[in-house]
Amino acid sequence: MTIKNRHSVFDCRRIFFLIGGLEAILIRIQLWKPLNNFVSADMFNELLTMHGTTMIFLAAMPLLFALMNAIIPLQIGARDVAFPFLNSLGFWTFLFGGLLLNVSWFTGGAPDAGWTSYVPLAGTTYSGDHGVDYYVIGLQIAGIGTLLGGINFMATIINMRAPGMSFMRMPMFTWTVFITSALILFAFPALTVGLAALMFDRLFDANFFNPANGGNTILWEHIFWIFGHPEVYILILPAFGIISEVVCTFSRKRLFGYSSMVFATMLIGFLGFMVWAHHMFTTGLGPVANALFSIATMLIAVPTGIKIFNWIFTMWGGSIRFTTASLFAIGFIPTFVMGGVTGVMLAAAPADFQYHDSYFVVAHFHYVIVGGLIMGIFAGLHYWWPKMFGRMLNETIGKITFVTFFIGFHMTFFVQHFLGLLGMPRRIWTYLDGLGFNGLNLISTIGAILMGIGTVAFLINIVITAAKPRNAADDPWEDGRTLEWAISSPAPEYNFAQTPLVRGYDALWKEKMDGNKGMTPAEPLGSIHMPSPSILPFIMSVGLFIAGFGFMYHNYYIGAAGLIIMFACMVIRSVKDDHGFHIEPDELQGKGVKA
Amino acid sequence: MKFRRRRGDNTIPVQVEGNHKLEIVWTVIPIILLIILGVPTVQSVFGLSKDYSKDPDAVQVIVTSHQYWWEFEYPQFGIKTAQEMVIPTNAKIAIETKSGDVKHSFWIPALAGKIDSNAGANVNTMYFEAPKPGVYLGKCAELCGPSHALMDFKVKAVDEASFDRWIAALKEPVELPADPAVREAFVSKCLSCHAVGDQGGMIYPNLTGIGSRETVGGILVNTDDAKYANEGTVYENLKRWIEDPDKIKPGNGMGKVALTEQELDGIAKYLSELKLDY
Ligand SMILES: [Cu+2]
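Chains as they are written, first to last, in the numbering used here: chain A, 19 to 613; chain B, 4 to 281.
Hints were generated in silico from the structure; no laboratory data involved. For each residue, glycine too, the CB sits at the ideal point set by N, CA and C. Incorrect hints may appear among the rest.
If you anchor each label on the Cβ, the simulated ranges turn out as follows [claimed, not checked]: (1) A:588 <-> B:126: 47 to 53 Å; (2) B:34 <-> A:56: 47 to 53 Å; (3) A:436 <-> B:54: 31 to 37 Å; (4) B:93 <-> A:281: 33 to 39 Å; (5) B:49 <-> A:557: 57 to 63 Å; (6) B:172 <-> A:436: 53 to 59 Å; (7) B:22 <-> A:471: 49 to 55 Å; (8) A:578 <-> B:126: 54 to 60 Å; (9) A:307 <-> B:182: 56 to 62 Å; (10) B:172 <-> A:307: 55 to 61 Å.
Lysine to aspartate or glutamate pairs mimicking EDC-like chemistry, simulated, CA-CA at most 20 Å apart [stated by the list, open to error]: (11) A:535 <-> A:497; (12) A:535 <-> A:493; (13) A:528 <-> B:167; (14) B:230 <-> A:60; (15) B:250 <-> A:451; (16) A:51 <-> B:234; (17) B:174 <-> B:234; (18) B:278 <-> B:175; (19) B:83 <-> B:167; (20) B:250 <-> A:60; (21) B:95 <-> B:132; (22) B:83 <-> B:280; (23) A:51 <-> A:98; (24) A:535 <-> A:496; (25) B:159 <-> B:249; (26) B:157 <-> A:451; (27) B:192 <-> B:249; (28) B:259 <-> A:60; (29) B:95 <-> B:76; (30) A:530 <-> B:175; (31) B:259 <-> B:187; (32) B:95 <-> B:167; (33) B:57 <-> B:132; (34) B:278 <-> B:201; (35) A:530 <-> B:280; (36) B:159 <-> B:187; (37) B:192 <-> B:76.
Listed next, the stretches of chain A that the computed footprint assigns to chain B, with coverage defined by at least 3 CB atoms under 8 Å from CB atoms of chain B [unchecked claim]: (38) 131-139; (39) 295-305; (40) 473-481.
Full structure from sequences and hints, please.
Encoded structure:
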């Protein structure tokens with residue numbers, strides 16, 4: 019249990035991704051034919067709720083966080099993140115929040131009101147069992163982890179950059195993570211407040227969302243989407259960053275229009291907070307609100323378009339290598355464009371009156387989240403795997419992963435646009451025969467299975483690779499441009515024996531072009547300060563987990579006990595001085611002293 | 004392929020920083036396209052929000068959604084029906100939506116966009132027209148519980164004269180079952196919730212004219228030429244429904260009513276003959 023959990027913990031995040039994927043496959047099996055009875059209506063609602071919740075909160079975000087953790091300090095030439103203790107705490111709260119959510123399967127029913135948990139359906143009157151309690155408390159605990167992560171990355175990027183690494187020399191991935199962290203900082207508190215209010219409604223009979231006693235259900239929709247829409251950008255911006263890195267390396271070219279990319283990212287982040295009500299066009303906010311939110315939403319297409327053109331022009335005239343990582347990145351571009359086009363279609367409120375809550379929307383957001391984010395993550399994993407684990411993933415299996423996943427993806431979701439236009443609402447457990455939905459649903463299900471096969475191929479690749487010797491070169495793709503490729507693979511515990519001096523954008527590339535062997539060090543070789551590992555974050559999260567259970571079942575002694583455990587750890591942490599330890603120069607002999 | 008790197012190719016492409024002209028072009032052109040798209044969007048947002056709820060020429064319908072059925076009240080005519088909304092082809096239909104329980108969303112894909120029926124006092128309005136006579140499928144578009152998928156309804160557009168006849172027929176008194184045992188069962192076990200004609204309660208679906216509707220419960224389609232599992236004659240569908248509504252729509256508000264085989268048969272038969280002439 020080290021504080022620097024970046025290599026060891028990768029696995030449980032992937033497990034949540036697999037659980038979410040399995041739920042998706044069950045959903046698609048239920049829908050492969052009309053009036054199917056593979057799962058019951060209740061079970062189906064649990065599946066769709068848990069699929070959405072798991073994928074967004076427990077799979078997509080943590081997978082991104084894992085990449086950020088591994089790569090951001092390297093890209094900015096830092097030894098670690100700014101707050102290693104917070105980092106570890108964030109990880110464990112996320113894990114225990116996710117566990118709590120999934121325990122619900124075994125205690126009488128998972129949450130079943132959708133990942134949006136609209137009230138009153140998610141209130142106690144209509145969801146009387148504990149399902150939604152698990153949602154509320156599990157997400158609250160997991161959300162702490164995300165918020166801590168955001169704060170940590172923000173502080174790291176602002177404070178820990180190597181000498182010479184000015185903001186406008188930061189790699190694109192670092193930029194996107196920086197903006198994403200800012201979005202987390204502003205968006206997650208809204209979720210925290212919403213969940214707290216819903217928790218009070220459910221556990222202590224408060225009336226925030228109970229219209230019978232003066233509450234308002236639309237308030238929940240606003241709070242949820244004020245968080246929920248920026249959340250989409252929290253997810254997609256780092257994927258944009260990954261794509262920028264991968265496209266450059268494998269085209270052997272500088273990112274086209276770097277400064278406009280940075281500006282576009284900021285603009286998307288900013289506009290991301292101005293558009294939440296486009297999820298509520300049919301709620302009845304009136305024509306003024308609908309018109310304004312339509313226009314604001316359409317505006318996002320402009321900076322997004324800038325990004326797309328910049329990627330294409332980065333490849334233009336480049337010397338392109340088709341590795342698995344670059345295939346995922348190149349596949350990302352047209353896929354994301356499609357998601358963007360349907361996004362603009364949905365932005366027009368009068369048209370959205372038709373599309374809203376239909377399979378058209380399902381297709382749209384899977385194009386941006388799976389076709390965008392997950393393909394981005396796959397690109398990033400294949401690209402940075404050698405840097406994280408010291409081994410190259412197998413390229414042949416990688417290409418099989420890409421082909422099955424890519425084809426499966428488009429088969430699953432392309433046809434869903436038409437299902438939506440034909441009038442198939444989303445989140446339906448089954449559909450009647452004779453409506454013209456049968457064939458398209460069958461295609462969609464086959465596609466989902468193909469995506470499953472692609473994912474399994476990736477897992478096999480991981481296992482096979484783990485058995486190989488650790489022999490990846492420092493710069494295994496040979497065209498690395500950024501700092502992480504200047505040090506050994508995997509990166510040593512202290513990242514850089516000597517902090518590098520950054521002399522320009524694409525720091526390593528610049529040294530390569532100037533004929534240097536590696537980075538110039540910015541400091542003499544000296545002893546390196548390291549944080550000590552600590553078990554406190556783990557115990558604190560266990561405390562929260564116990565407290566969550568206690569309150570959920572109205573057992574306040576257990577609830578209080580859990581909170582006491584947590585606060586006790588906080589006291590210990592505050593009182594006990596731990597200065598960490600040092601790695602002395604003679605211990606570094608020959609290891610990674612290339613910088 | 005032109006850009007594909009050949010093995011061992013070590014040439015370094017020109018490192019382009021950017022191109023201001025190009026970048027301006029692909030910023031400005033999308034903005035122009037968005038303006039072209041934005042103007043009609045705003046126009047139709049306001050166009051669709053026109054309020055016909057006070058218009059005497061429009062047919063007012065108050066739509067109340069329930070887990071998992073739809074209630075249609077026509078305040079201008081003082082009538083209420085369920086699951087099948089009959090409308091004239093020659094008038095605007097002004098809808099007012101509210102919900103009896105959770106949030107639902109009222110959607111007739113072939114005729115108009117959807118509007119949510121919110122819980123509480125946030126009543127919504129919309130309007131649409133159906134100039135062509137016919138039967139249209141309506142749906143609930145917001146997750147509302149286990150039977151959300153099955154919360155369908157029908158919209159039947161008819162000419163003005165038929166519509167007037169329908170209104171008149173719906174107001175007429177209805178005979179109860181002739182067989183005393185069936186009548187007794189129907190009155191005590193069904194009319195506590197349902198209504199036929201001017202008898203019974205009005206908070207659950209009004210069964211007047213159920214024999215001539217397109218469906219039972221919105222999803223069991225009435226036809227003499229059944230092709231699919233959810234089709235059958237009115238009588239068969241009614242029997243299927245009354246026998247075990249939970250099997251048709253899990254978690255619905257009716258629940259299984261204890262009936263003898265005889266009562267079940269008699270009631271299904273009686274209801275299947277409860278037709279409106281219009
Ligand atoms: Cu509904």
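Quiz item: Which numbered hints are broken by the structure, listed smallest first?
Solution: Of the numbered hints, 4, 6, 7, 8, 10, 13, 14, 17, 23, 25, 30, 35, 36, 37, 40 do not hold.
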